[in-house]
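With the hints as constraints, model all of the structure from the sequences given.
2 protein chains.
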Amino acid sequence: MNCGDDIVLGGLHISPDLDTVIYCLAGELDPESGWGLRNESWHALETLRRLGGQSWFALGDRDLGTHLYRTQRLAEGAPLSVVTAELGTRWGAEVRLLPVTDDRLRTRLTIDPPAEGAAGAAETEVSFQEYFVKLRHAVAVRSVRFVGAERARPAPGVLRAVSAAGAVVIAPSNPIVSIGPILAVPEVRRAVTQRREHTVAISPIVAGAALRGPAGRLMAELGHEASVVGVARLYAPVASALVVHSEDAPLAAAVEAEGMRCIVTPAIMHTPDDAAALARATLAAAGLQTPPSQ
Amino acid sequence: MNCGDDIVLGGLHISPDLDTVIYCLAGELDPESGWGLRNESWHALETLRRLGGQSWFALGDRDLGTHLYRTQRLAEGAPLSVVTAELGTRWGAEVRLLPVTDDRLRTRLTIDPPAEGAAGAAETEVSFQEYFVKLRHAVAVRSVRFVGAERARPAPGVLRAVSAAGAVVIAPSNPIVSIGPILAVPEVRRAVTQRREHTVAISPIVAGAALRGPAGRLMAELGHEASVVGVARLYAPVASALVVHSEDAPLAAAVEAEGMRCIVTPAIMHTPDDAAALARATLAAAGLQTPPSQ
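Chains as they are written, first to last, in numbering that gives the first Met the number 0: chain A, 0 to 293; chain B, 0 to 293.
To be clear, the hints were calculated from the coordinates, so they are not data collected in a lab.
Here the structure is a predicted model, which means the values were calculated and not measured.
Every residue gets a Cβ at the ideal spot worked out from N, C-alpha and C, and that includes glycine.
It is possible that part of the hints are untrue.
[As the list claims (entries may be wrong)] Derived coverage of chain B by chain A (criterion: at least 3 residues anywhere in the stretch with Cβ under 8 Å from a Cβ of chain A; other residues may be distant): (1) 3-17; (2) 40-47; (3) 74-87.
Here's what the structure looks like:
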């Protein structure tokens with residue numbers, strides 16, 4: 000999993016991607032927003048805002064318990080992968096969650112100066128959370144880099160998980176800033192590439208745009224085509240198949256021209272049944288048998 | 000004010016003494032416990048406890064807003080004195096609050112190993128909060144030191160506040176661990192000593208014991224007499240008068256033998272009127288006229 004989004008805010012080590020997955024798998028994710036905890040209270044953040052502090056990052060009261068726990072354990076010397084496993088277990092997420100690395104890896108984006116910036120202000124580099132939350136990804140991105148990725152070692156268990164898996168699935172997440180940091184760790188990219196025949200990606204782009212978030216805009220700004228074909232170009236080195244939504248059937252041949260098999264299937268997940276059907280289609284594309292629909 | 004109690008917990012910079020005074024002067028102190036905020040909620044701490052984190056230090060949700068603010072501002076490079084002034088203003092404490100220093104100063108206590116420690120465990124050194132909160136001051140203290148005090152410079156305004164004040168009042172706080180860190184900063188001790196004639200201390204010891212907290216026990220363990228006479232010996236170098244409670248009238252001569260004037264007056268503050276009367280007696284002892292009782 001991606002930990003390039005991690006940020007230290009007010010002294011707390013926050014891992015937004017890891018937390019969202021933990022809360023989701025534990026059944027604690029807020030269904031309205033898609034992040035944070037359900038039934039959350041906001042007393043700490045309201046106080047911080049009233050005091051004039053930086054309150055652009057939403058810190059719920061119960062969520063703060065997670066951040067305090069992680070920060071304490073990291074300060075004690077526990078690696079992020081160990082802390083993530085502890086948090087997963089204690090929140091009740093019954094799946095093994097592995098951050099790509101225990102080393103420091105940070106996604107940094109060079110952006111055009113915000114409109115309200117001083118005239119003539121130079122381009123500036125920000126963290127992922129500043130881009131995504133503080134600036135609401137309403138700025139043009141010129142480049143992205145993953146600081147520390149070249150030297151990062153895979154967290155314990157990551158390489159084995161990739162090599163031993165029946166299939167490796169690249170979720171329909173942002174290829175640049177969510178999957179990118181994972182594949183930027185050289186040994187991980189190599190391990191996934193070695194499993195290319197059993198690696199399937201699901202396109203986050205449907206009919207030329209991301210279903211949510213800035214993936215489409217970001218791909219275009221960085222010189223990629225914001226289409227399933229652009230996605231195929233990014234993933235062809237590491238995955239042998241791309242799952243695309245039915246609407247993109249006309250582009251299947253162009254995807255295959257990039258060197259990937261193209262699986263056309265309903266790929267928009269409105270309901271758990273949609274998600275289950277997509278998972279079955281994806282695993283079948285990787286050559287795995289799956290139990291029939293319930 | 001004392002900042003030797005400060006602690007970093009889960010990444011957050013916490014200044015318990017400063018916060019208690021700010022909350023008290025802002026009318027926000029919890030009247031039951033005497034610390035923390037009134038009408039506090041505890042969602043973050045309950046979550047941290049449930050996750051198995053270190054939860055011995057009580058972090059209320061709104062209180063976390065204060066700690067997040069302080070930690071953010073310190074990380075931005077603001078000195079503790081500036082942050083304290085900001086917090087005082089924003090919480091509504093209408094008095095100028097000055098930490099003794101912006102430099103790092105930490106109270107450390109060498110204690111006997113706790114009873115549950117391994118047999119033969121050596122004595123151990125802990126922070127003030129570990130001693131006071133985690134161990135509930137139920138351990139024997141062998142020595143106290145103020146790490147960083149010798150090199151600490153007074154925070155901006157501290158020396159001027161002492162030199163310009165009509166009177167310097169040493170509150171009935173713990174002489175060793177609450178007043179001690181302040182007077183351990185050499186320039187501050189020198190400045191108070193120069194104002195000795197206008198410096199008055201109020202004894203925290205009444206009839207041989209502290210009204211609350213471990214001051215009596217701590218004085219005895221460190222070789223001081225746990226009485227107003229023991230307090231007089233500690234304060235005689237810096238203060239010219241000691242206010243003692245009526246019950247200690249028989250010891251007035253012994254206090255004066257230590258070189259301090261002894262003011263005998265009701266010194267237990269049950270009500271705001273008690274506190275006002277004590278303040279008037281104290282300022283009168285420093286040679287200040289005060290307005291008559293309302």
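Verification of the supplied hints:
1. Counting residues of the region 3-17 of chain B whose beta carbon lies closer than 8 Å to any beta carbon of chain A gives 6, which reaches the threshold of three, so the coverage claim holds.
2. With 7 residues having a Cβ less than 8 Å from any Cβ of chain A, the region 40-47 of chain B passes the three-residue criterion, so the hint holds.
3. Counting residues of the region 74-87 of chain B whose beta-carbon sits less than 8 Å from any beta-carbon of chain A gives 3, enough to reach three: the coverage restraint holds.
Comparing the model with each numbered hint stated earlier shows that all of them hold.
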